[in-house]
Structures are given as structure tokens and as C-alpha cells.
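Trainee: Protein chains in written order, with the numbering used here: chain P, 1 to 248; chain D, 1001 to 1207.
Calculated from the structure, these hints are not laboratory results. Even for Gly, the Cβ is constructed at its ideal location relative to N, Cα and C. Don't take each hint at face value.
What the hints assert, rightly or not - Derived list of chain P stretches under chain D, where covered just means 3 residues or more per stretch with a C-beta under 8 Å from a C-beta of chain D: (1) 38–45; (2) 64–70; (3) 146–157; (4) 207–220; (5) 227–236.
Said to hold, decoys possible - Derived, one-sided and incomplete: chain P residues facing chain D with beta-carbon distance under 10 Å: (6) 29; (7) 32; (8) 49; (9) 224.
Chain residues, written in single-letter form:
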Amino acid sequence: MRKLIYFSLVIAICACADDSANPIGGLSGTGTGGSLASFLVTNNNLYVLAGDELLTYNLENENRLLYTSSLKLPSLLETIAPYENYLFLGSSNAVHFLNRDNPDQPQLISTYQHFTACDPVVAKGSIAYSTIRSTGCRGATSGPDLLDAIDISDISNPRVLYSRFVDAPYGLAINDDFLFVCENGGISVFSTSSTNEPVFVANNKIGDGVAYDIILKDDFLIVVTSEGIFNVTYDLAGNMQILGQITS
Amino acid sequence: MQRCCEKLRYSRTLNNHTHRNLADMKGYKTLVLFSLLAILLGLTSCFETFGEVTFPEGETNGYKPIYANSEDLSIVFEATRPVDNAGKIYLYGDLILLNERFKGLHLIDNQDPSNPQNLGFLRISGATDMAVRNQVLYVNQYEDLLAVDVSDINNIRLIAREEKVLAIDGGNQVPPVSGFYFECVDLSKGTVIGWEMATINNPKCFY
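Chain P extracted, bound-state conformation (with noise of 0.2 Å):
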């Protein structure tokens, strides 16, 4: 008995030493990154935005990285978002759609053209939501900025179905109750629930700084902002309410 309550403190031990000492040791799998991620990591891959072209490298032997292809495209790519057995890339003039068939390898399937804007992209049942930024964006010092949708149920002829003005929209992220935007300094609400057109429902500030782009995890949002970050809940109004935050 006494020899097991010793093995128990040290196995505690150990697993106290451990997890201060390794935050990320104790983990495996992939993340998940922000809207505006140009690194993403799914199964075996890694995808790296680089310019105007898409680098592939496949990650099976973890003591390497091997390159395996890169994809040229006809503008500056900003943002990378995984989606069924797609990607999305977001440009500064237009959301590529891509395929993984060989993960290897993506292919272009087709090409959503915008104005010269910054646009994240994320989606949900077959519409996709992108926000195009011209405030502050590289090389679009004038023009709207906007939230669209765009039906790609049929993914080789993307159609936007809805535009609407927003302000200086940065990241979003989608779930089944709401489409989230960073917007206006905060994070605006939106309803996609009914119509293809997203309903507006509230805009919420997060803090004193500006919110750029927002993770979802189970049932509420981390949100980084020009002050750092929060955890932030939300109830079916669209207010919401901040649970815990790291700032300067």
C-alpha cells in the first residue's frame, strides 16, 4: 500500500513537472487557426501561403519537410481555410477554390473575382462568407468594404448571392447560430438562419482595442484584438459577455 501511495506522488509529480514545463509537449493532432491564417495544417499536410503561390508539403515523416508542390496564382493570396475536401484562398482581388483530391497537390477548380480587397472566407452548408476589406488593405486604398455571400453549390461556378456594406471587417467564423465579424471595431452578429441574406443582429465591443479575428471553440469564441485576447460567450440575442482575457 505504501509502496503504491509513493508510485502515485510520483506519478503526480511528474505530471505537474510536466505540464509547466511542456504547454504544448502533452498534446498531439492539428490546431486550429484564425480566419486570417496564412499556415494551415490538416492530416498529413502542411499548406503555406507565399506571395501568389501555394506551397504544399507533406508531413508523414515528421523529422522532415517535404516539399511537394507549389500552385501559381493570378493574385497575392492573404488567407487559407480548409473546408469539406476543399481550400479556400483568399486573394487580394478574388476567393480561389481549390480541390485536395491528392492533398499533395491542390488544384484550382475556380475563381470568385472581387475588388482589390482583403478577404477571409469561411463556410458553412454550401454558402460561403467572405469579408472584403478596402480600409487599410495593401494596394486597395479606396473602395467598399464588404461582407458577401457566395452560393457554391456548385463549387466550379461560384455566384454571389448577397453584398452587403460592412466597416473595416477583419476575421469571421460561422457555427449553427451565427455568422461572427469582426467589424466596426467589434464583432457583429449576424443570422443566416432564414434567408441567404445574413440578418444582422448585433454588434458587440470587445474590450478597448479593435477585434481582428476569432477561433470557436465548443461553446464560446476566442477573440484576439489589438489588446490581446478574450474569451468571450454569447446567448441567442447575439451580446455577449467576456468570461476571461490576457491583455497588456
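Once you've looked at the hints, dock chain D against the given chain P.
Mentor: Quick look at chain D alone, frame taken from chain P:
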């Protein structure tokens, strides 16, 4: 000074280009409306923003080029530091990686969302984006792509460095974001591998 004026003209050309693109999109009634509005807005901002760039005397905030060979490229896990210039985020389990632009990654334990804990700072100069798989961190260091074994945070092992793969041809000659003064590039100091926000003196360039 001449360079800067060329840059201003470049911005104007881009505006015109944008307008031409807008005019092409005749199919959508709404878009045409947007176009008209955009052109109006565009013209106004053109004259207001670019007609009268004045350069401030003395110290001001702006972009400063980072030259190759002047940087400490080692990757070290350090004590926590304040969040100063928050960049991208990455969630790995309950661990948040928060990019401090061009400096490294804050590691934040988010197991209790009402009380997130700042664990420390992984110093990686030039870092602006990242992803993690099986305890390997993929991150950029300026224009290099790195694979870093972080299974033991106090004994970090560089697996691979793909040099210059993220370089954009000629893309480093101006800052990554427009609308800022910047310290003009002096090529005699070496190649520009990135930009940082800093206090700069008597800037003579603007993008």
C-alpha cells in the same frame, strides 16, 4: 524623396485599376451601385489622402526595415511578456498560441476560459504565422519556413529551415501595410527581410 513620390503615383494607379475592375462587373445591379459609390469615395480619398503627404520632423511611429544578418535567429522559451502587437492566433487543444508580430509566440493555457494563464513567450524573431501538428510547430522566421520540435519546450530542436521560400519578389521594399511613414530602405545595409513598427526619426518615405 523621389522614391516616395513614385510610391504615391503607384497608389493612384492602383485606384484607377480598381475603378476599371468595378466598371467591368455590369452583371449585378447592386455591384454597379457599389461601384458608383466606391468611385465617389475613391476620388475623394485620392485627393485627400495623397494630395498632401507631409513628413513629420523628429520622432514618430512608423515602419522600420529589418536587414538580414542583424537579427538573433535563435528560438528560446522565455518568461511571459506583455501583449504589445497582437497578430494571429492558433488553438492547439486548450493551448492558445498568440503571435506577437515579428517577435514570437505567447503561449496561453486556456483550460479555464474564465482565467486564461500566460505560460511564457517563445521567442522567434520575424514570426507572423504558425500551425502545429503532433508537437511540431510550423512557423515563419521572416521569409524562412521552419519546422520546430517543441515536444520539450526547454529543449527546442530545429527540424528544418526552408530558406527564403516565403519571399515575395520585390515585396519587401515597402512595409506590409499601407498608410504609414517608413524609414527608407538603405540597400547598403543588406537585404530587407521584414518590417517592424518602431519609433523612427524624420521619415522621408510613406506608403
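Trainee: Decide, hint by hint, whether the structure agrees.
Mentor: Each hint, compared with the structure:
1. 38–45: As far as the segment 38–45 of chain P goes, the hint holds, because 4 residues have Cβ atoms under 8 Å from chain D.
2. 64–70: holds (count 3)
3. 146–157: violated (count 1)
4. 207–220: Coverage by chain D holds here, the residue count being 5 at a Cβ distance below 8 Å.
5. 227–236: holds (count 4)
6. 29: holds, 7 Å
7. 32: Because about 5 Å separates residue 32 of chain P from the closest Cβ in chain D, which is inside the 10 Å limit, the hint holds.
8. 49: With a closest approach of 8 Å, the residue 49 of chain P hint holds.
9. 224: holds, 5 Å
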